[in-house]
Amino acid sequence: MSAGRPKDEGTLVERVFWRFTLVILIGYALLPVVWLTSLSLKPSGDLTDQRFFPRAIGLEHYAAVFRDPQFPAALGNSLGIGLIATLISVALATLAAYAIVRLRFPGRQAVLVGALAVAMFPPIAIIGPLFDLWRLLGLFDTWLGLIIPYITLTLPLAIWTISAFFREIPWELEQAARVDGATRLGAFRHVILPLVAPGVFASAILVFIFAWNDFLFAAALTSTTSSRTVPAAIAFFTGASRFEQPTGSIAAASVIVTIPVVVLILLFQRRIVAGLTAGAVKG
Amino acid sequence: MSRQVLDERRLGWLLCAPAVLAMLLVTAYPIAYAVWLSLHRYDLRFPDQQAFVGLANYASVLTSEVWWRSLFNTLLITAGSVAVELLLGFGLALVMHRALVGRIALRTASLVPYAIITVVAALGWRFAFDPTTGFVNALLGLDQAWLSERWSAFVVIIATEIWKTTPFVALLLLAGLTLVPPDLIRAARVDGASAWQRLVHITLPLMKPAILVALLFRTLDAFRIFDTVYVQTRGAQDTETVSIVAYQALIARLNLGLGSAVSVMIFIGTILIALLYVRLLGAGALGRGGRQG
Amino acid sequence: MPARPHLLLALITLALLGCERPQPEGPPTLRWYVFKEQSGAFEEAARRCTAASQGRYQLDLAYLPTDADLQRELLVRRLAAGDTDIDLIGMDVIWTAELAEAGWVLPWPEAQARSVLTGRIAGPVASGSYQDRLWAAPFTTNTQLLWYRTDRVATLPLTWDAMIDQAESIGQGGLIQAQGERYEGLTVFFVSLLASAGGSVLDESGERVSLEPVPTRKALEVMRRLARSPASDSSLASSREDQCRLAFESGRSAFMLNYTYVWPSAQANAPEVADHMGWARWPALAPALKSRVTIGGINIGVGANSRHPELAFEAATCLVSEDSQRLAARMGGLPPTLSALYDDPEVRAIFPFADVLRTTLADAVQRPPTPVYSDISIAISRTLHPLRDIAPERDVDRLRRAVERALHSEGLL
Numbered sequence: 000m001s002a003g004r005p006k007d008e009g010t011l012v013e014r015v016f017w018r019f020t021l022v023i024l025i026g027y028a029l030l031p032v033v034w035l036t037s038l039s040l041k042p043s044g045d046l047t048d049q050r051f052f053p054r055a056i057g058l059e060h061y062a063a064v065f066r067d068p069q070f071p072a073a074l075g076n077s078l079g080i081g082l083i084a085t086l087i088s089v090a091l092a093t094l095a096a097y098a099i100v101r102l103r104f105p106g107r108q109a110v111l112v113g114a115l116a117v118a119m120f121p122p123i124a125i126i127g128p129l130f131d132l133w134r135l136l137g138l139f140d141t142w143l144g145l146i147i148p149y150i151t152l153t154l155p156l157a158i159w160t161i162s163a164f165f166r167e168i169p170w171e172l173e174q175a176a177r178v179d180g181a182t183r184l185g186a187f188r189h190v191i192l193p194l195v196a197p198g199v200f201a202s203a204i205l206v207f208i209f210a211w212n213d214f215l216f217a218a219a220l221t222s223t224t225s226s227r228t229v230p231a232a233i234a235f236f237t238g239a240s241r242f243e244q245p246t247g248s249i250a251a252a253s254v255i256v257t258i259p260v261v262v263l264i265l266l267f268q269r270r271i272v273a274g275l276t277a278g279a280v281k282g
Numbered sequence: 000m001s002r003q004v005l006d007e008r009r010l011g012w013l014l015c016a017p018a019v020l021a022m023l024l025v026t027a028y029p030i031a032y033a034v035w036l037s038l039h040r041y042d043l044r045f046p047d048q049q050a051f052v053g054l055a056n057y058a059s060v061l062t063s064e065v066w067w068r069s070l071f072n073t074l075l076i077t078a079g080s081v082a083v084e085l086l087l088g089f090g091l092a093l094v095m096h097r098a099l100v101g102r103i104a105l106r107t108a109s110l111v112p113y114a115i116i117t118v119v120a121a122l123g124w125r126f127a128f129d130p131t132t133g134f135v136n137a138l139l140g141l142d143q144a145w146l147s148e149r150w151s152a153f154v155v156i157i158a159t160e161i162w163k164t165t166p167f168v169a170l171l172l173l174a175g176l177t178l179v180p181p182d183l184i185r186a187a188r189v190d191g192a193s194a195w196q197r198l199v200h201i202t203l204p205l206m207k208p209a210i211l212v213a214l215l216f217r218t219l220d221a222f223r224i225f226d227t228v229y230v231q232t233r234g235a236q237d238t239e240t241v242s243i244v245a246y247q248a249l250i251a252r253l254n255l256g257l258g259s260a261v262s263v264m265i266f267i268g269t270i271l272i273a274l275l276y277v278r279l280l281g282a283g284a285l286g287r288g289g290r291q292g
Numbered sequence: 000m001p002a003r004p005h006l007l008l009a010l011i012t013l014a015l016l017g018c019e020r021p022q023p024e025g026p027p028t029l030r031w032y033v034f035k036e037q038s039g040a041f042e043e044a045a046r047r048c049t050a051a052s053q054g055r056y057q058l059d060l061a062y063l064p065t066d067a068d069l070q071r072e073l074l075v076r077r078l079a080a081g082d083t084d085i086d087l088i089g090m091d092v093i094w095t096a097e098l099a100e101a102g103w104v105l106p107w108p109e110a111q112a113r114s115v116l117t118g119r120i121a122g123p124v125a126s127g128s129y130q131d132r133l134w135a136a137p138f139t140t141n142t143q144l145l146w147y148r149t150d151r152v153a154t155l156p157l158t159w160d161a162m163i164d165q166a167e168s169i170g171q172g173g174l175i176q177a178q179g180e181r182y183e184g185l186t187v188f189f190v191s192l193l194a195s196a197g198g199s200v201l202d203e204s205g206e207r208v209s210l211e212p213v214p215t216r217k218a219l220e221v222m223r224r225l226a227r228s229p230a231s232d233s234s235l236a237s238s239r240e241d242q243c244r245l246a247f248e249s250g251r252s253a254f255m256l257n258y259t260y261v262w263p264s265a266q267a268n269a270p271e272v273a274d275h276m277g278w279a280r281w282p283a284l285a286p287a288l289k290s291r292v293t294i295g296g297i298n299i300g301v302g303a304n305s306r307h308p309e310l311a312f313e314a315a316t317c318l319v320s321e322d323s324q325r326l327a328a329r330m331g332g333l334p335p336t337l338s339a340l341y342d343d344p345e346v347r348a349i350f351p352f353a354d355v356l357r358t359t360l361a362d363a364v365q366r367p368p369t370p371v372y373s374d375i376s377i378a379i380s381r382t383l384h385p386l387r388d389i390a391p392e393r394d395v396d397r398l399r400r401a402v403e404r405a406l407h408s409e410g411l412l
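Chains as they are written, first to last, in numbering that gives the first Met the number 0: chain U, 0 to 282; chain Z, 0 to 292; chain B, 0 to 412.
The hints are simulated quantities; they were obtained by calculation from the structure and are not laboratory data.
One or more hints might be untrue.
[Unchecked claim] In silico lysine to any residue, SDA-like type, Cα no more than 20 Å apart, as pairs:
#1 Z:Lys-207 to Z:Asp-237
#2 Z:Lys-207 to Z:Leu-85
#3 B:Lys-35 to U:Ala-72
#4 B:Lys-289 to B:Leu-69
#5 Z:Lys-207 to Z:Ala-82
#6 Z:Lys-207 to Z:Ile-267
#7 B:Lys-289 to B:Ser-168
#8 Z:Lys-207 to Z:Asp-190
#9 B:Lys-35 to B:Asp-59
#10 B:Lys-35 to U:Pro-193
#11 Z:Lys-207 to Z:Ile-272
#12 B:Lys-35 to U:Arg-66
#13 B:Lys-35 to U:Phe-65
#14 B:Lys-35 to U:Pro-53
#15 B:Lys-289 to B:Glu-345
#16 Z:Lys-207 to Z:Leu-279
#17 Z:Lys-207 to Z:Gly-140
#18 Z:Lys-207 to Z:Val-83
#19 Z:Lys-207 to Z:Val-189
#20 B:Lys-289 to B:Gln-365
#21 B:Lys-35 to B:Arg-55
#22 Z:Lys-207 to Z:Arg-197
#23 B:Lys-35 to U:Thr-223
#24 B:Lys-35 to U:Arg-183
#25 B:Lys-289 to B:Ile-169
#26 B:Lys-35 to U:Arg-270
#27 B:Lys-35 to U:Pro-68
[Stated by the list, open to error] Cβ-Cβ distance ranges computed for the label pairs, FRET-style:
#28 Z:Leu-61 to B:Arg-46: 53 to 61 Å
#29 Z:Leu-93 to U:Asp-48: 51 to 59 Å
#30 B:Asp-322 to Z:Leu-61: 54 to 62 Å
#31 B:Arg-251 to Z:Leu-75: 53 to 61 Å
#32 Z:Leu-74 to B:Ala-110: 56 to 64 Å
[Stated by the list, open to error] Here chain U is said to cover these stretches of chain Z; the calculated rule only asks that three of the stretch's residues, wherever they fall, bring their Cβ under 8 Å from a Cβ of chain U:
#33 73-84
#34 123-134
#35 139-151
#36 194-206
In this text, a Cβ means the ideal position worked out from N, Cα and C, and glycines have one as well.
From just these sequences and the hints, can you work out the full model?
Structure, rendered in structure tokens:
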């Protein structure tokens, strides 16, 4: 992988240059996060001081966010809906990806192309029909009402990334297991699954990030704390008064929901990158 | 033998069926329903007045200045953000590819914009540019109400998009970059090719598929932009995008007939963009095959 | 992970169970959907009505978002989805026609309607009625006044032109605060100006566009002049009621068109400004014309899918009673709809401008009473925003076309 890069550490100038570039780029990537953090720590009186860093630090906005029942409920909804959608999506995608890579049957290319088409699909196009259907089926403002579209819209991503990982598996191992008398299912479970688990996990993270991120469906198909997720809750935050923008609370809530994302990234950055690029380029 | 083939087919279909069904059920069926709705007067505020109206909704959309302006806005945001993202993304990919130190730190940091909730990013930038809470005016010594004027609002929206998705573009391009055989580069260098020549004649052609894939994904993504605009201006100051227009008609006004006509138009727009790229991509793939052969 | 279907099933079951809300024991709970009122007056009113019901119902509040457009959007979506959780609705006056036409609220039964209409001011009564039936009982009302700095304004201007002239001559600290953001408040601004010029958006049937050319042009000219005047705030294009209030409290303004809530707010947040704060009726468009200002406020309706409609009407009747109105005035500074309360010493202490308020309300104008009001409002605010770019000649026609399309719910907004 790194064969193309110069192996030497370079001259002093080069090293300084790289370090400088690095700091700039990392700063660029983290800028809004740092800004929101600093905003969330400013006491109410300092919110309009136009300074990047807070003069004094207070946790009042965090306390306010958790006092308000909207936000904790939204956190629970987001976690629950995101995890369930991820589990189902990844499970269905693993089955499909196995079939596409491992079995010969007419239409497997069509599944991949179809999945690609779904990936390009504009979600806004189905918001209206879904709203009309959901209100007739009683799925409006329920967990299931969000889980279903999330599964659908993340399946393409999951199928493509998991297929890409499946292609790298030494399938002789499955062959060997079956020669030893294992069933197809047995061979899959005991030999193949452990091998693809990292890949499946990577796409699970991507799927979860998608569900955690979605605003459009959450805004259109939910309305109360019983299913409203974090992005919609933050965007529709009720301020203390009819006319006042709850800037501090929004900032605090934003920081709180960014923490899990940052933790995921810190723990699994290699896998996330692999998953992101696997489907797109190798496929 | 034939039985084994049949079994394999059946198993293949069986394993794909749940995923395919799930995808069809929530895309094909609703889009068909959207087409049906778009041919009707179907306004939930007038439950007694539902009727087939043919293409009247489409006529309304196509003769509306709102539609054309929002389409223009959407294409402007798409072109502006995708072009800059591609350039910055390429630079970032080169840095990630060649960085001597802190490669992992850089990659980790650049995942933050990709993974952060779009609504949160949009709010962060909105507060940053806000004349009373933000630091941008203080930093630049300006007194600009960024989001209350059209062009400056576009600047904020496009900047947010660029910030959010450049790392994604960079990662895709980086994957393409690693596919360029180092030997080829080294050979070219021995032959006396300058860095610029190596980039234009070797690296870029080999990366064409990766570039097109990145372009395709980002163009489609930018074309359906919703979250950022909704949070930052909610379409005010003439910054409405087609998705915002559809959302307003469908969800705020519950005029499902008219809104569905907009949805179908967006769907068609998406297909056109995808077809364009698929043609380009096909040519790119062929070109690569030819060179290798 | 996918190899553990049991975990998956368990989670799904959990999720589905999570959706079932167990019905608590005790009296039926009625939910009152209303905007979040800062002072707690609504909570207190609900508490008192619950107590007065002697255990027949429990009235709880459910808050709508802060933003007026979002309130409607959220509520209407839930009503369209047939939500049975919505018993009482604190209805903005502009929702009456829409919710009634769609069948999302119940008409008030004859007898109860009579009792909640006695002694109420005519404007609020009209705002809760649609096609000769009462759909929402008048609770609190509201309208804008002209607020000004007594220390900077020697003689009170009676017309818009006079006010702008005067503000320009003050220079520093002479700004005029009005609502110029592209939202419903801009429509309110326009409707008030138009009515002050003797025009109206729709004709009396509510089915045809009126927008008489002369008054419309007059209204647009005033908006344009204000927006281009050095006396208008540079952030006019993004200013709503609260930005105006803050800008007035900061001391850099001489005039402000705003609701009565700014009075208690100034007293609490900027006493030095409140000391020099005067009030008057909105300026007129010409000395010979009377200013007519748009009426606002909250009426109480009963959701069509409520599980307990009779109890809901009973609770609504309690909420609009004299006691509750007095409470809303005292705690929340919300003007009552009961005419007699404007002579009540306690109420007059809260609203030292009670007489100006009452005369303004007497001449107040309704926003167009049509189910597509929100479309019309979007059409108007979109056509006129930003105010500084208004070209009266051209925009009279643009406005008419936009409102026409909105009225036939065919235009894309």
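Status of each hint after checking the structure:
{"no.": "1", "hint": "Z:Lys-207 to Z:Asp-237", "in the structure": "violated, 36 Å"}
{"no.": "2", "hint": "Z:Lys-207 to Z:Leu-85", "in the structure": "holds, 12 Å"}
{"no.": "3", "hint": "B:Lys-35 to U:Ala-72", "in the structure": "holds, 19 Å"}
{"no.": "4", "hint": "B:Lys-289 to B:Leu-69", "in the structure": "violated, 33 Å"}
{"no.": "5", "hint": "Z:Lys-207 to Z:Ala-82", "in the structure": "holds, 15 Å"}
{"no.": "6", "hint": "Z:Lys-207 to Z:Ile-267", "in the structure": "violated, 26 Å"}
{"no.": "7", "hint": "B:Lys-289 to B:Ser-168", "in the structure": "violated, 25 Å"}
{"no.": "8", "hint": "Z:Lys-207 to Z:Asp-190", "in the structure": "violated, 23 Å"}
{"no.": "9", "hint": "B:Lys-35 to B:Asp-59", "in the structure": "holds, 13 Å"}
{"no.": "10", "hint": "B:Lys-35 to U:Pro-193", "in the structure": "violated, 53 Å"}
{"no.": "11", "hint": "Z:Lys-207 to Z:Ile-272", "in the structure": "holds, 18 Å"}
{"no.": "12", "hint": "B:Lys-35 to U:Arg-66", "in the structure": "holds, 16 Å"}
{"no.": "13", "hint": "B:Lys-35 to U:Phe-65", "in the structure": "holds, 18 Å"}
{"no.": "14", "hint": "B:Lys-35 to U:Pro-53", "in the structure": "violated, 30 Å"}
{"no.": "15", "hint": "B:Lys-289 to B:Glu-345", "in the structure": "violated, 30 Å"}
{"no.": "16", "hint": "Z:Lys-207 to Z:Leu-279", "in the structure": "holds, 10 Å"}
{"no.": "17", "hint": "Z:Lys-207 to Z:Gly-140", "in the structure": "violated, 42 Å"}
{"no.": "18", "hint": "Z:Lys-207 to Z:Val-83", "in the structure": "holds, 17 Å"}
{"no.": "19", "hint": "Z:Lys-207 to Z:Val-189", "in the structure": "violated, 24 Å"}
{"no.": "20", "hint": "B:Lys-289 to B:Gln-365", "in the structure": "holds, 16 Å"}
{"no.": "21", "hint": "B:Lys-35 to B:Arg-55", "in the structure": "violated, 25 Å"}
{"no.": "22", "hint": "Z:Lys-207 to Z:Arg-197", "in the structure": "holds, 14 Å"}
{"no.": "23", "hint": "B:Lys-35 to U:Thr-223", "in the structure": "holds, 15 Å"}
{"no.": "24", "hint": "B:Lys-35 to U:Arg-183", "in the structure": "violated, 60 Å"}
{"no.": "25", "hint": "B:Lys-289 to B:Ile-169", "in the structure": "violated, 26 Å"}
{"no.": "26", "hint": "B:Lys-35 to U:Arg-270", "in the structure": "violated, 45 Å"}
{"no.": "27", "hint": "B:Lys-35 to U:Pro-68", "in the structure": "holds, 14 Å"}
{"no.": "28", "hint": "Z:Leu-61 to B:Arg-46: 53 to 61 Å", "in the structure": "holds, 55 Å"}
{"no.": "29", "hint": "Z:Leu-93 to U:Asp-48: 51 to 59 Å", "in the structure": "violated, 39 Å"}
{"no.": "30", "hint": "B:Asp-322 to Z:Leu-61: 54 to 62 Å", "in the structure": "holds, 56 Å"}
{"no.": "31", "hint": "B:Arg-251 to Z:Leu-75: 53 to 61 Å", "in the structure": "violated, 36 Å"}
{"no.": "32", "hint": "Z:Leu-74 to B:Ala-110: 56 to 64 Å", "in the structure": "holds, 60 Å"}
{"no.": "33", "hint": "73-84", "in the structure": "violated (count 0)"}
{"no.": "34", "hint": "123-134", "in the structure": "holds (count 8)"}
{"no.": "35", "hint": "139-151", "in the structure": "violated (count 0)"}
{"no.": "36", "hint": "194-206", "in the structure": "violated (count 0)"}
Checked against the numbered hints listed earlier, the structure breaks hints 1, 4, 6, 7, 8, 10, 14, 15, 17, 19, 21, 24, 25, 26, 29, 31, 33, 35 and 36; every other hint is satisfied.
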